[in-house]
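Chains as they are written, first to last, in this note's numbering: chain C, 1 to 278; chain H, 1 to 368; chain G, 1 to 267.
Hints may be right or wrong, so weigh each one.
[Unchecked claim] One side of the interface only, derived from the structure: several residues of chain G facing chain C at Cβ under 8 Å: (1) 59; (2) 89; (3) 91; (4) 94; (5) 104; (6) 108; (7) 141.
In case anyone wonders, no lab produced these hints; they're calculated from the structure.
By construction, the Cβ of each residue, glycine as well, lies at the ideal position given by its N, Cα and C atoms.
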Amino acid sequence: MYSSCLRYLRGEMYMSFKMNTKISHFDKRLNILLMFLTPVVIVAAWQIASENGKINASVLPSPFTIGGTLASMAQSGELFQHLSVSLLRVIKGYLVGCLLGITAGTLMGLIRKFESAMTLVFGIIRPIPIIAWVPILILWMGIDESSKVTVIAFGTFFPVMLNTVYGIQSTDKKYLEVAYSLEKSPARILLRVIFPSALPAIFTGIRIGLGIAWMSVVGAELIAASSGIGYLISYAGQLSQPDVMLAGVISIGIVGLLLDILLRAVERLVLKWNITSK
Amino acid sequence: MLKNKIIKRILSTSLSLLLITATAGCGNTSGDTKSAATTQSSAVSTTQAGASQSPAAGASAQSSEQGTSADKNIVVKYGYQPGHSQVVIADKKGFFKEEFEKDNITFQFSKFQSGPALITSLTAGELDFGQTGDIPALSARANNVDIKIVGKYISSDQVNSLLVTKDSGIKTIAELKGKKIGVTIGSTCHQLLYIYLESAGLKPADIQQVNLMPGDIVSSLVSGNVDAAVTWEPYASMTLAKGVTDKLADGVGYKKEVDVIIANNPFLQQHPDVTARILKVLDKAGKWVAQNQEEALKIVGTDAGVDPSVLAPMFSKVVVDDIGLNAEDIDSIKKSQEFLRKYQIIKKDVDVDALIDTQYLKLAGIQK
Amino acid sequence: MTDANKEILEIKNLNINFTIDSGMLQVLNNINLTISKGEFICIVGASGCGKSTLLRIIGGLEQDYTGSCLFKGQEVRKPSVDRGFVFQESRLFPWLTVEKNVEFGLRDASEEKQNNNLKSKRKTVRQHLELVGLENFGKAYPNQLSGGMQQRASIARALVNNPDMLLLDEPFGALDAFTRINMQQEILKIWHKEKTTMILVTHDIDEAVYLADRVVLMSQRPGTIKRIVKNDVPRPRNRKNPEYTKIRNEIFEEFFSEFETDIEYFI
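The following block holds chain C by itself, in its conformation from the complex (with noise of 0.2 Å):
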């Protein structure tokens, strides 16, 4: 059975390969059951390994328990109500992050001493992980609202502008020499020209930018809230309820799932472009 697998995988593989090969609509069926099937057996093996005592429920509970849990909980609302709060709080900070990512990265782009300026300043301030300010930041501004929502923008800020300043700078020269033998205007250039051609390096930067928000106000929430997704997991291990933990973590997951759905929709759609040329 051994080489027998192996040459099908080596099949699979040279199918990757090469150029001209169409996925059938079987084989386009078959990676879709796929899709599926994986978390289908984790967690069919995962109950199977709990009913017969080889996991400690103590630490990690059995699906079915998680899943009533997780019913629960979102039957009385109390998930959605912790979940809203944190989206809340990540659409915030997102927005305010990608704000002033686009307009920093726009002008470390666009001007070179700005960029030579501000090189250090951001590199020694990027490594940082976001959850070690989120006791700083919380030192500074409190348990509020505010504390979480910079946190978030924070954390937003890098990505997004990191992949502007890529996107700007990598704009063709060709398409800029076109637009000056068009005798057009900075602003028109800059506009017209510059920020379409940067639009999927951007589009990179909001994507990740979103993935890390999210995480992020998960962070925040452990160390001090009242409130959020990241309170309710804090508040459920304290409680040692593994359950309402596991439950609150997998919800994380799943939001984070979805809106990476929703910013890919939004970015098939405005750069539609883009597309029609892979």
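Got chain C; can you put chains H and G on it based on the hints?
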């Protein structure tokens, strides 16, 4: 047909995956190194290690080694919190060494900022013994952690306090309504806060509970991030010492709490004699503390990283010389269980009588 | 004295140097050229002879030259929509449709009040798409068009302001032989219709002979004008016509005089 071959392949792969996952579940967790933070008065305390949990799969906790002969060559992993005098004295004054050196039994101590944090470590299999309030112990039992309460280390109605910032202008418990109250969720202060609220006709939804570790409670009160907080010694005294808060109440008239010594049941069953001897040593240390309070203060203060003068009030308030569990103690723990059920913090009843195991106290001669 | 109506471009003693790693390189040396309104000029030479640089100077894209380059009596120091430029790559913006790309070429609204009107803008764009034969592809994106069609769109963009002069820098170099011949017909069609003065740079001798009224031959290192050959062969031109062949051979000789044998030059 190719399609059938592929489907067969997928099914066989999934089956193998299933089998692999099922057998992998058999493995034991390895203990991670513990870390804990004690509070410093000024700085914002760092995130607690107790907030994270060890990897999931594993049978229930076991002590690290089984001696070749039943009660020799053991490392006892003991978790406690800053200010717990008996265990610190027993360690620093060599009482444990005196008793156990000959059998090559040693102790590995870990400090935790709160009961819930300690429980997290215990659940993950990193501790054999722990010292927490009754609330965290009950919560752990409700989570099916196989522990027993084998003694108490504090019984007092003055170990927790309700502090309010001077700026908040709060003079009565009723005025807590709508305010931000800092509390370590899952601790005995959590219960006390709800008892306060009940006394003023308020519900938990009437206030904003801010879940904070005790160190963060201190700094939050100082910086005014919260209007009030319920916390325990030595943190309460530390905060009062800064002069920006007032004490509105403590446990007097509300709840006399019992803080318990808990242990992993498998360890107890394997080493009943060692357990009894540990309790004997702790009892001895407790009595020593009562006789030598000044020296004890210095030692415990050093261990906690807190000025002895700040710890002094705690010493005089708590009963340290008797680690046995009497009827009053058991009743208090039962009331705590009812509280947890009432507020649906635990989803099912905990049999307190089964949870408490006095046989080791009896074996040690501390209790009849 | 120049005849202001007839001479549209006057270049006198033009020189330009570029700085490269190993020092200064003289790219153009003593260029003298006068072009009349409505002419079709082709500049022919080997790669690197500076013909593109010359065209770019005329277009205002290279500015550090010495000597004079006058367009309608004015010194050329920056680009102008009156001198449309077509590059070798179509350089259409991938994020805009063909229509929008051509529209982008229009003068900025603040300068020409009449262009502010959306309807007239659309009309102009439409007209120019028709001119290059792309009226059915307005809503397509550039990456959906073939190379030839993309280049036609870029020509439309350069012409949308009805410039006096169109400068084309090896516009058909990236296209295959068949498309190239088609495009040569197209550009002649446009030229006949719009009467725009055309200056086209190419390395293809045959293309130059087919299209131009006068062919400017350039030698390299440094780039100078070797000779200007007048081409009076009447249009439409037949590549087999003996007069046509004669001029072609003449020019061929200018470049490849060392090859004694009579080699037929195939397209």
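Structure-based check of all given hints:
no., hint, result
1, 59, "6 Å, holds"
2, 89, "7 Å, holds"
3, 91, "5 Å, holds"
4, 94, "5 Å, holds"
5, 104, "7 Å, holds"
6, 108, "6 Å, holds"
7, 141, "5 Å, holds"
Going through the hint list in order, the structure satisfies each hint without exception.
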